[in-house]
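Here is what each chain is made of, one letter per residue.
There are 2 protein chains.
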Amino acid sequence: MTFPTALDVRTACRNGLLTTPTPGYAPGYVQANLVVLPRDWAFDFLLFCQRNCKPCPLLDVTDAGDEEPRMIAPDADLRTDLPAYRVWQNGECVAEPIDVKTYWRDDLVSFLIGCSFTFENALVQQNIPVRHIEENRNVPMYRTNIACRAAGRFHGPMVVSMRPLTSAHAIQATTICARYPLAHGAPIHFGDPAAIGIPDIDKPDFGEAVTIHPGEIPVFWACGVTPQAALMTAKPPFAITHKPGHMFLSNLRDHDLQTD
Amino acid sequence: MTFPTALDVRTACRNGLLTTPTPGYAPGYVQANLVVLPRDWAFDFLLFCQRNCKPCPLLDVTDAGDEEPRMIAPDADLRTDLPAYRVWQNGECVAEPIDVKTYWRDDLVSFLIGCSFTFENALVQQNIPVRHIEENRNVPMYRTNIACRAAGRFHGPMVVSMRPLTSAHAIQATTICARYPLAHGAPIHFGDPAAIGIPDIDKPDFGEAVTIHPGEIPVFWACGVTPQAALMTAKPPFAITHKPGHMFLSNLRDHDLQTD
Chain F
6 MTFPTALDVR TACRNGLLTT PTPGYAPGYV QANLVVLPRD WAFDFLLFCQ
56 RNCKPCPLLD VTDAGDEEPR MIAPDADLRT DLPAYRVWQN GECVAEPIDV
106 KTYWRDDLVS FLIGCSFTFE NALVQQNIPV RHIEENRNVP MYRTNIACRA
156 AGRFHGPMVV SMRPLTSAHA IQATTICARY PLAHGAPIHF GDPAAIGIPD
206 IDKPDFGEAV TIHPGEIPVF WACGVTPQAA LMTAKPPFAI THKPGHMFLS
256 NLRDHDLQTD
Chain W
6 MTFPTALDVR TACRNGLLTT PTPGYAPGYV QANLVVLPRD WAFDFLLFCQ
56 RNCKPCPLLD VTDAGDEEPR MIAPDADLRT DLPAYRVWQN GECVAEPIDV
106 KTYWRDDLVS FLIGCSFTFE NALVQQNIPV RHIEENRNVP MYRTNIACRA
156 AGRFHGPMVV SMRPLTSAHA IQATTICARY PLAHGAPIHF GDPAAIGIPD
206 IDKPDFGEAV TIHPGEIPVF WACGVTPQAA LMTAKPPFAI THKPGHMFLS
256 NLRDHDLQTD
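The listed protein sequences derive, respectively, from chains F and W.
Using the working numbering, count along the first sequence one by one with no gaps and you end on 265.
Using the working numbering, count along the second sequence one by one with no gaps and you end on 265.
Hints in this document: simulated from the structure, not taken from any laboratory.
A few of these clues could be false.
When chains are identical, the list treats them as one kind, so a pair holds in a single copy or across two.
[What the hints assert, rightly or not] The list that follows gives simulated cross-link-like pairs (lysine to any residue, SDA-like), each with its CA atoms no further than 20 angstroms apart:
1) 59 / 75
2) 59 / 263
3) 59 / 184
4) 59 / 157
5) 208 / 138
6) 208 / 132
Throw the hints in and build the complete structure from the sequences for me.
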């Protein structure tokens, strides 16, 4: 199956036909992380995003109970239009369903957060290799020892995604990604994984490991799975997120997020 | 009196020695609008800012009761360090004190919002005239017929600031200001004031009128007084803001807000 547009991806998800990670899908459309929280946890989380805009750049926030992200994809349904979800209770993932219709409540506020899959399209167009796309895997993601700024009940480590690059490609990728601040922007680290608290580059905490060729260094970007690490520490009674790598496809185009 | 740094301005305010508008003060330091609301109104307002980032670009949001904007000016005191304030009850301005110590409460959340005075320094350095600085006045500000996106109980018209420029300067100013998205960015309109619902350019709703020379057109930017118009419609029982033009001086430097 190929999915030329965001609507194609969402429709396939809604019909249960697409339940896999979305890197490289509907190229040119902005992908988004999802965090859904009860209204009484929403201010703390919105503040967490405001204070940690590198891992958590906000693209849209719904009114309580509204399943439609009206700014970035009117007519979409956040309960059905992602390939896979995680349902959280007291900071633990208790289910990974392919829709969350039975879990939905009138007091839920949904947060859509920018995703690095957006700038990957720009990298590919510049002939910069994106290894997990080449190897048809989910991107590798890691918890770090970099603390986010706390906000109310939310705190926790920054999660990063990793792409192996030569130093020349790393420099090119840095200037390209800096133009997408709403898709995590420039990298936050390259080189030694241990310097940011990653013990084993071959064992990501989320997603899948990828090959690092001789002459390549790991390059790390702030990642929209960071809120899931914050959910584990804050332990709200209830939450929904996307399953890492299984993103929401918005109607925004990559160039909508690009600065001059 | 001259005020080379933000700290000089804040200290003079704290000692009651500075109670005037701040355009051109402490050049190179980022100025900010202030909105202070009770905790139970804070989510709606944070969402209003997220949905209306052109008039309301957030620089910092405090924890409830905290008088210190820890991200942009640690050690500052928001209760004393602005030249003048407005105190609001049920959507009406009921006082314009020079400090708000006696009004302060433990449940107040403070929002610091970017200000066009930041990019004015860049304009002046490019020899683009800023009329209200030349004429030693407060900037003229107007309510428009452009509706903000509603968020919870907050809705209302966008407020704009105006600077008269030749068309050549307007083009230059547009490219310069676009690099400061956290200081309202590029203009939102130029030319006919009536096209955005301004009946009389010589009668601003906030601040002071300035001279428009022959060959100049009015150029309009989204303005951080927009939340004050939203307060008038939402009518929260209690709020504090800066007095228009009487800004908070942060420790951020202009280049901190500049994109590449």
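Hints versus structure:
1. 59 / 75: Between copies, since 18 angstroms is at most 20 angstroms while 23 angstroms is not.
2. 59 / 263: For residue 59 and residue 263, both the intra-copy (15 angstroms) and inter-copy (16 angstroms) Cα distances are at most 20 angstroms.
3. 59 / 184: both (13 angstroms within a copy, 18 angstroms between copies)
4. 59 / 157: within (18 angstroms within a copy, 26 angstroms between copies)
5. 208 / 138: within (18 angstroms within a copy, 59 angstroms between copies)
6. 208 / 132: neither (27 angstroms within a copy, 56 angstroms between copies)
Going down the numbered hints, you'll see the structure goes against just number 6.
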